[in-house]
Each structure stands twice: as structure tokens, then as C-alpha cells.
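Numbered per the working numbering, the sequence shown spans residues 1 to 231.
The hints are simulated quantities; they were obtained by calculation from the structure and are not laboratory data. Heads up, some of the hints might be wrong.
Unchecked claim - Have a look at the derived ranges for each label pair, beta carbon to beta carbon:
hint	residue 1	residue 2	range
1	His205	Thr65	18 to 28 Å
2	Leu69	Ser203	33 to 43 Å
3	Leu69	Asp125	37 to 47 Å
4	Val171	Leu14	19 to 29 Å
5	Asn95	Tyr153	45 to 55 Å
6	Gln34	Leu199	31 to 41 Å
All residues carry an ideal CB built from backbone N, CA and C; glycine is no exception.
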Amino acid sequence: MKTKAFRAALPYTLPICVGFLFLGMSYGFLMRSQGFSFVYPMLMSLFIFAGSMEFVTANLLLMPTFQPLHAFLLTLMVNARHLFYGLSMLDKFQNLGWKKPYLIFGLCDETFSIHCAVPPPEGVDRGWFMFFVTVLNQLYWVAGATLGALLGYLIHFNTTGIEFVMTALFVVMFLNQWEERKDHRPALIGVGCTLLCLLVLGSDHFLLPAMGLIILCFLWLRRRSPQEVSP
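Construct the complete structure from the given sequences, taking the supplied hints into account.
Structure, rendered in C-alpha cells:
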């Protein structure tokens, strides 16, 4: 059962492996360039496993004084989208026993996409399939971050702007979704609400209001045309 689920999950995660190795190495290089041992990105990618927040944490660790409340609120804003991911996964995670806590912890953007778009193949246990998708994706990230930090001992270059790789990843995912779907209303709503909140509230406070406004627009649109809209 486990072997069959692993073999079924592996092909779906290989494209993510390429991206995660590159992004993870970028993160590892960044941490090493700021003077951290390779142990830091290795353990942070293992226990935090939130790519955007890990890049931000590099700066938090360099602050003169640690501010727990600031770190908590910043983490909430950066990863607030996972609140909505989690709500949509409640049914899929039911009755999975000990796997459920780890599946919740390891729910990154790419894993969420596979869980939503790829049903387990016939004859493959759903829980084990989702488990291996999640654990493989995290292993790719941990390996990339660790390898990047280790190479940082040998290779030295200007890492200014390297954190932009996360933004680039989301842009690529957006373009891929745009090309695959005929209905572009959800994408336009997301872009429009985000730009509106950014202009009104500024770059430091726009994220949570933008996501709330997007959800409200989706709910309104779904009530008007429930059979046509798939955010």
C-alpha cells in the first residue's frame, strides 16, 4: 500500500522538485551570505516550512532586539492565505488519523495545488498518497536549502535581490493558471482586489484585507453563477 502510494505520488512532485531545489538553494545562499551556519536554513526549512516567511526570518534574526509580537503578526500576514487553504481541505483531511496533523503542517502552495487538482489513482490509498506528496515536497525544500547553504561556503557572489525568486514563483503559477482556465474572472478579481487594497492601505497592511475582499467577491460571484465559477 505504501509503496504503491509513493510511486503514484512521485511523478506529480518531480516538477516541484526542480523549482524547490532552485528556490531552496537561493534561500540557503542568502542565509549563508548573512553569516548563518548551514544548520539554520536546514532546521528552519524542516520546522517552519514556509518559503516566504523563511526569507523574511533571515532579516528578523539580524534585528538588534527580538520582537515576538512583531514576528507573530508578520508571520500571520505573510502566510494568511493558508487559513483559506485549510478551510478548503477540511473534507479531504477527514479520517486520516495520525497523518492529518502533518498534512496540515506541510500544506504549502504547491502541495495544495496537487491535492486539489489530482485525485488519488484508482487502487491507491488517499491518505498515503497525500502524505507522500506532502513529505516529498518538503524534502525537496529541505534538501535545496541545505545544499545552497553548503555551497555558500565555497561560492561567493552578490545576493542582492535573491529573495525575489519567491515572487517570481507566484507570478509563474499565476500565468500557468491563466493559460489553463478559460474563465479569467477569479484571476482578475484577485489582481483587482489586491491592487485596490495596496493603493488604499499601503504595502505594509494590504495583505489580509485583500484576501478578505477576494473571498467576499468569490462568494458573491458564486451565488450569481454557481456552476460557472471555480476560484
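TODO: Please test the hint of 37 to 47 Å on the beta carbon pair from leucine 69 and aspartate 125.
DONE: With Cβ atoms ~42 Å apart, the hint holds.
- [ ] For the range 33 to 43 Å, tell me whether the beta carbons of leucine 69 and serine 203 fit it or not.
- [x] Once the Cβ atoms are compared, 20 Å apart, the range 33 to 43 Å for serine 203 and leucine 69 is violated.
TODO: Kindly confirm whether 31 to 41 Å is satisfied by the beta carbon distance between glutamine 34 and leucine 199.
DONE: At roughly 33 Å between Cβ atoms, leucine 199 and glutamine 34 fall inside 31 to 41 Å, so the hint holds.
- [ ] Could you check the hint for me, namely that asparagine 95 and tyrosine 153 are 45 to 55 Å apart, CB to CB?
- [x] holds (46 Å)
Task: Supplied distance hint 18 to 28 Å, evaluated on CB atoms of histidine 205 and threonine 65 - done: holds (23 Å)
- [ ] May I ask you to test the hint 19 to 29 Å on the CB atoms belonging to valine 171 and leucine 14?
- [x] Holds, at about 22 Å.
Going through the hint list in order, the structure does not satisfy hint 2, though it satisfies all others.
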